[in-house]
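Protein sequence lines, in the order shown, are assigned to chains E and X. Just so we're aligned, residue 1 is where the first sequence starts under my numbering, counting upward by one. Just so we're aligned, residue 1 is where the second sequence starts under my numbering, counting upward by one.
Among the hints, a few may not be true.
What the hints assert, rightly or not - Derived DEER-like restraints, expressed as beta-carbon distance ranges: (1) E:Gly72 to X:Gly44: 27 to 33 Å; (2) X:Val35 to E:Thr181: 32 to 38 Å; (3) E:Val264 to X:Pro40: 52 to 58 Å; (4) X:Pro42 to E:Leu254: 36 to 42 Å.
Don't read these hints as lab results, they were simulated from the structure. The model shown is predicted, which means the values in this text are computed figures rather than measured ones. Where is the CB? At the ideal position from N, CA and C, for every residue including glycine.
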Amino acid sequence: MLPTAIIVFREVLEAALIVGIVMAASRGAQRRGLWVSGGIATGVLGACLVALFAATIAAAAAGMGQELFDAGILFAAVGMLGWHNIWMSRHGRELASQAVQLGNEVRSGARPLWALAFAVALAVLREGSEIVLFLYGIALGGNGGPLAMGAGGLIGLALGVAAGAAIYWGLVSIPMRLLFTVTSWLVLLLAAGLASQGAAFLMQANLLPALGDNLWDTSFLLSDQSLAGRVLHTLVGYTAQPAGIQLVFYGATLLVIGGLMRLVGSAEQPTRAKPGRGSAVSPAE
Amino acid sequence: MHRSFLALFFLAAFAVPAFADDPVITITLKDHQFVPAEVPAPAGVKIKLVVRNEQKVNAEFESHSLHREKIVAAGGEVTVFVGPLNAGSYEFFDDFHSGTRGHLVVK
Chain E
1 MLPTAIIVFR EVLEAALIVG IVMAASRGAQ RRGLWVSGGI ATGVLGACLV ALFAATIAAA
61 AAGMGQELFD AGILFAAVGM LGWHNIWMSR HGRELASQAV QLGNEVRSGA RPLWALAFAV
121 ALAVLREGSE IVLFLYGIAL GGNGGPLAMG AGGLIGLALG VAAGAAIYWG LVSIPMRLLF
181 TVTSWLVLLL AAGLASQGAA FLMQANLLPA LGDNLWDTSF LLSDQSLAGR VLHTLVGYTA
241 QPAGIQLVFY GATLLVIGGL MRLVGSAEQP TRAKPGRGSA VSPAE
Chain X
1 MHRSFLALFF LAAFAVPAFA DDPVITITLK DHQFVPAEVP APAGVKIKLV VRNEQKVNAE
61 FESHSLHREK IVAAGGEVTV FVGPLNAGSY EFFDDFHSGT RGHLVVK
């Protein structure tokens, strides 16, 4: 029961942290709960499908299907998070000021909550499919019995969700004005970390050079397998022994998304500051 | 008969030309043990690891130092290319059963 709980917790943790950050980042947007829970449900469904077709996926692309699939999922998530951040850097200040004026509720308008929901779905799909494969294997292997497995799975799930809730409540205790800045940084670092994970899969599929297998080793300070190491792995892409190509992808993601945020954000001229009612935001002028 | 054999040969040769000379090392998962648990490997060349799972449960071959992470279905096998590596010891484990560990000892 305990090993099952630990493994399920580990997989849920990554998805739950992402959901927590996304929920905090979309604070004040209408129907965000619906979007995010839709994303989670889609992810769970997707995870079952992926697990079902795991053998087919694995056999694709000359045995490198699993790597390409994982990399694809990760880069799609990076794109979604990046898109939302860039959009918010243009419209976020408007939204935040209106949220303050109108008591924390603004219409989402053209805000790409779908991008966040999609990112959540991808995270849940990736981690969820591993859980399904793991549990399915145990169920077939038949050690421990279904009751112990179910109990372990539920404990792991509950702990993971608790971690996601903790980061959410931690974040929303930040004043609304600062929250936007903090969450866009968090989302940016999250995206960079996912890109570095994606690079590792492309390297594994032999499509990218390593550019230095292990540039350094900080596992004596913080092991990848410790709880803190795993949390930081998800949040900021921490890896004790990074390969050069991972660093390249990490830096490039920061530069591209961060650069576009700055570019688009500074292009914004808050001239027509009309008191927002109804549809608060005019989509791209 | 000969012709189809020849065709197959060329197909195989064409599909994986770069890996034709890579050393192949097979690691088997059995009763939650890697066999062998200490895997000697040459430094400075690309190595083809074949990980075979002879258990009734799925496994995930993972290594932080090798940057590898791949699910191995129960009764199945996967190929993982690693290297060229510097000399040293590289730990790998079954992410679905964390007590199951082994090392690639590169010399």
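Verification of the hints:
Between glycine 72 of chain E and glycine 44 of chain X the C-beta distance comes to about 32 Å, which sits within the given range of 27 to 33 Å. The given range of 32 to 38 Å is broken by valine 35 of chain X and threonine 181 of chain E, whose C-beta atoms sit roughly 53 Å from each other. A hinted range of 52 to 58 Å for the beta carbons of valine 264 of chain E and proline 40 of chain X is consistent with their spacing of about 54 Å. Checking the proposed 36 to 42 Å range against proline 42 of chain X and leucine 254 of chain E shows it holds: the Cβ atoms sit about 37 Å from each other.
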